[in-house]
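Visitor: Sequence:
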Amino acid sequence: MKLYVINRVRTNNFNDAKIGEKIRGLWQEIAMMPELANETKYGIYSDYESNYEGDYTCSIATEKEVSTAVIFDTDGQHYQKFPVTDNDVTGTWAMIWQLESKGQLNRTYTFDFERYTVDGQIEIWIAVNVK
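Residue numbers (numbering that gives the first Met the number 0): 0 to 130.
Since the hints were derived computationally from the structure, they do not count as laboratory data. Fair warning: there could be bad hints in the mix.
[Claimed, not checked] List time: in silico DSS-like cross-link candidates among lysine-lysine, alpha-carbon distance up to 30 angstroms:
1) 80 to 21
2) 63 to 80
3) 63 to 21
[As the list claims (entries may be wrong)] With beta-carbon atoms standing in for the labels, derived distance ranges:
4) 34 to 102: 14 to 22 angstroms
5) 102 to 31: 36 to 44 angstroms
6) 19 to 62: 25 to 33 angstroms
7) 102 to 63: 32 to 40 angstroms
8) 116 to 31: 18 to 26 angstroms
9) 11 to 87: 35 to 43 angstroms
10) 130 to 34: 39 to 47 angstroms
11) 101 to 32: 37 to 45 angstroms
12) 33 to 130: 39 to 47 angstroms
13) 99 to 34: 31 to 39 angstroms
14) 85 to 23: 19 to 27 angstroms
15) 27 to 63: 12 to 20 angstroms
16) 23 to 128: 30 to 38 angstroms
17) 130 to 17: 34 to 42 angstroms
A virtual CB, placed ideally from N, CA and C, is assigned to each residue, including glycine.
Turn these sequences into a full structure, and let the hints guide you.
Guide: Set out below in structure tokens:
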């Protein structure tokens, strides 16, 4: 699957006071694009400085080809999928970080993504090492 980036920002989950503002801005930008209204949308996390505590790039993307130079290709990657219940994206991320801290999730830190379908389902896909 190829994902085409609309825009991106650099941030940190723990020491960027403007993280919410930055990420909301990305989602507001894609919401203003009527040609993408009926498309599945993605929040991509990449260019990790270290692990989930370090800086990373957050991108907003779609499967619909748009004029951009940045394309993420999931082919060749292995992922573990985490369905999000009750729209609790933050809680699902906290669970993922806890699994990693306990050694129960072996992340590659290549790129991970949140998948938002048109019918309202949300999934978080984490790139993992295959043993």
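Visitor: Next, verify each hint and record whether it holds.
Guide: The hints, checked one at a time:
1. 80 to 21: holds, 25 angstroms
2. 63 to 80: Holds, at roughly 22 angstroms.
3. 63 to 21: holds, 23 angstroms
4. 34 to 102: 14 to 22 angstroms: Because 44 angstroms falls outside the window, the suggested range is violated.
5. 102 to 31: 36 to 44 angstroms: This hint holds: roughly 42 angstroms between Cβ atoms.
6. 19 to 62: 25 to 33 angstroms: Given range 25 to 33 angstroms: holds, Cβ gap about 26 angstroms.
7. 102 to 63: 32 to 40 angstroms: Between residue 102 and residue 63, where Cβ atoms are some 38 angstroms apart, the hint holds.
8. 116 to 31: 18 to 26 angstroms: holds, 20 angstroms
9. 11 to 87: 35 to 43 angstroms: Once the Cβ atoms are compared, 21 angstroms apart, the range 35 to 43 angstroms for residue 87 and residue 11 is violated.
10. 130 to 34: 39 to 47 angstroms: holds, 42 angstroms
11. 101 to 32: 37 to 45 angstroms: holds, 40 angstroms
12. 33 to 130: 39 to 47 angstroms: holds, 45 angstroms
13. 99 to 34: 31 to 39 angstroms: holds, 37 angstroms
14. 85 to 23: 19 to 27 angstroms: Once the Cβ atoms are compared, 20 angstroms apart, the range 19 to 27 angstroms for residue 23 and residue 85 holds.
15. 27 to 63: 12 to 20 angstroms: Hint holds: Cβ distance 18 angstroms, inside 12 to 20 angstroms.
16. 23 to 128: 30 to 38 angstroms: For residue 128 against residue 23, whose Cβ atoms are near 32 angstroms apart, the range 30 to 38 angstroms holds.
17. 130 to 17: 34 to 42 angstroms: Cβ of residue 130 to Cβ of residue 17: about 38 angstroms, so the range 34 to 42 angstroms holds.
Comparing the model with each numbered hint stated earlier shows that hints 4 and 9 do not hold.
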